[in-house]
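*Asks:* Quick note, the sequences are listed as chains A and B, same order.
Going by this note's numbering, 247 is the number at position 247 of the first sequence; the sequence numbering is gapless.
Going by this note's numbering, 1198 is the number at position 198 of the second sequence; the sequence numbering is gapless.
Hints listed in this document are in silico derivations from the structure and should not be mistaken for laboratory results.
As the structure is a prediction and not an experimental result, all values here were calculated from the model.
A hint or two may mislead.
[What the hints assert, rightly or not] Here are some, though not all, of the chain A residues that point toward chain B, as calculated from beta-carbon distances under 10 angstroms:
1. Leu45
2. Pro49
3. Tyr68
4. Ser71
5. Asp93
6. Gln109
7. Phe112
8. Asn122
9. Glu124
10. Arg137
11. Tyr141
12. Leu145
For each residue, glycine too, the CB sits at the ideal point set by N, CA and C.
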Amino acid sequence: MAISPVVARGMQVVDEGGVLACEEVSLAYVDGSRRLTYALRDVSLTLEPKRFYGIMGPSGSGKSSLLYVLSGLKRPTDGTARFGTFRYSNQSDGEVTCLRREQFGFVFQQSFLLPYLSVLENIEVAAPKPGTEARRRAQEYLNQLGMNGLERKLPSELSGGERQRVAVVRAMMNDPAVIFADEPTAALDRMNGHRVIDALAHWRQRGTLVVVTHDPEMVADADEVLHLRDGQVDERGTPAEIALAEAQRATAATVGSGNR
Amino acid sequence: MRNPLSAITYFQRNPGKVLPMGFVIVLSVFLIASVATMVNSIDLTISTIYGYTNYYTYAVPQRVTLRVPPDQLAVIRKDPRTDRTIDASIFFTSIKTVFGRFPFVVLGVTDDNRDYLMKRVGTELLPGGRMPAEGMPEAVLSEPIAANKRVKVGDIIASPNDPGGISGSPIPVRLVGILKGPIWIAFTSKSFVDMTFLTSPRSVIFTTKKPGDLLALNDDLMPTQHRDRGRLSPAKVQLLSRQNLIYELRDSLSSMYLIMTIVNGMVIFVIALMSGMLSNIYFTQRLAEFAVLAAIGYQRSQLLWRVVGETLLLTLAGWAAGAVVTFMALSYMKGSVFEPRGLLINPHDLFAYKYTIPIPISITLFAVATIAVRLSRLDPVSIIERR
């Protein structure tokens, strides 16, 4: 039996220009030694529409957790996340899934393409209404990103970089207000990483882009970078400002250790 | 243009995952339908051997007398539905059945009564044969009986050397003709039986003016389950009617049918369990697929319907293929194993295929129920992060 994507159910999203925000959001979990650990703690932030945001920070700082809460893939333990005026932290799973379907696009660290579907079919899966029109649009996106000729190939016949760029096109298929990318270049070499970021940057004029990465180079073109540490946003600024702050922190750490 | 997430697309592109499960279903349908058909061949054998009871009924004296008492005969004759009563002396010839050697009655009647009965049941003598001569150890048999016994005109069909002594014939009886018609029937001359089988009880055969009245008359004379409530006395006469014969045989086989039902139930349960587990293994292999679909906005209910559709389609296709395989295999066996031995089997027996209907239903229910639980607990993030 074939399934069709969710059609719009009249979700009460008062645009506010597509503002994405979270208010005093915490995300706690019980770790292996049965202690309550916070991945996020009282995070409040607002992301303006049609801007490119980078989320950086050391491992375990809560970058991916923040992305999952903002995108509705995880429910916060406390606080709320909202898109426009639609507060989805306490909504039913069906409503949040509907929000993701209609307003958000996703790129993960791995492409997660369905191995038995062709490139074109993999992209079509994310379309609001699969069919001839969806395929035409998918083909158009592939052409724009210089990937024509790959349409009928299976994921196993593509390189890692090509697979990830197909995943980027898939994220664009529902014409989302926000694309979330969780370390989309982590498994790629530098050249392919840049290609993926370029493909994502293509989207900037049409919607918000939120990219989690370890690599400052990948968010060099971002409008703003949020730096997380211990589940909290400790810096927020342009890529250059964040890079400078990082360098100062590294220098201070080096000097501090030298004085000891 | 087909939806990329349609079940057909998945099946076409993943034969290695779909075929083993389909094969299990085909085999299970084949197993159950074959066993059911074989068991039903017993019933088929019974109703075929006793096919003549659709046309006439035997009244046999109880052992204390050799003849049907006159008062009992009068009851039958006086019924306005009765067409003719015929004095019959009988002996038996043995036939092979799925449940072993079985006696088949050879009717000794006068020539005019034989001609009447043959006309009544629509049977005629095939060229190359003749009717038994008066007083001679000769008989004619229907084609399927001759095939069952593997005899031809000129062969001996009953003798003192019969296995199990079923015929009880003190002298060899020769086949002189073969009959063609819709039922199994055999004739000899009445004078031969009367002279040869001195202690054999003499029966009475009766027919009705309208053939459709026979069963009702049987019931009036001796109801199947309340024999003492009929117009005949069960102490004096035994009525070998269609209802009585089939009831008695089915009653004696009821334990076997019960055992078969239990075995079937157990097989279906085990198959459903195995197939459900197999479905779960395949689902586990596809967890990332379902996780990413859930992440990009497919509702859990949509994903569940996808599983339902795939499972239902696969089980139905497997069931249909299993039914076709069973039909072909049984048809082959009928032609190559059963018929040459005169045994009966019916590959068209719908009852046997009905026995297999619980297979797709139970597999679908089991697989869908377990996968539904897993889908309800599906956390896309944990799967995406794990990889």
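*Asks:* Against this structure, judge whether each hint is valid.
*Replies:* Each hint, compared with the structure:
Taken as an interface hint, Leu45 (chain A) does not check out: its beta carbon lies about 20 angstroms from the nearest beta carbon of chain B, beyond 10 angstroms. Interface restraint check for Pro49 (chain A): the shortest CB-CB distance to chain B comes to about 20 angstroms, outside 10 angstroms, so the restraint is violated. The interface hint given for Tyr68 (chain A) holds, since its Cβ lies 5 angstroms from the closest Cβ of chain B, which is under the 10 angstroms cut-off. The restraint placing Ser71 (chain A) at the interface with chain B holds, with a minimum CB-CB distance near 8 angstroms, inside the 10 angstroms limit.
Given hint, Asp93 (chain A) at the interface with chain B, holds; its Cβ is 7 angstroms from that chain's nearest Cβ, closer than 10 angstroms. With 10 angstroms as the threshold, the beta carbon of Gln109 (chain A) comes within range of chain B, its nearest partner Cβ sitting at about 8 angstroms, so the hint holds. Taking 10 angstroms as the C-beta cut-off, the interface hint given for Phe112 (chain A) holds, the closest approach to chain B being about 4 angstroms. This hint holds: Asn122 (chain A) has a C-beta 7 angstroms from the nearest C-beta of chain B, less than the 10 angstroms allowed.
Interface restraint check for Glu124 (chain A): the shortest CB-CB distance to chain B comes to about 6 angstroms, inside 10 angstroms, so the restraint holds. With a cut of 10 angstroms, the hint placing Arg137 (chain A) at the interface with chain B is violated, because the nearest CB-to-CB distance is about 14 angstroms. Because the beta carbon of Tyr141 (chain A) sits about 16 angstroms from the nearest beta carbon in chain B, more than 10 angstroms, this interface hint is broken. For Leu145 (chain A), the interface hint is violated, since its Cβ never comes within 10 angstroms of a Cβ in chain B; the closest pair sits about 19 angstroms apart.
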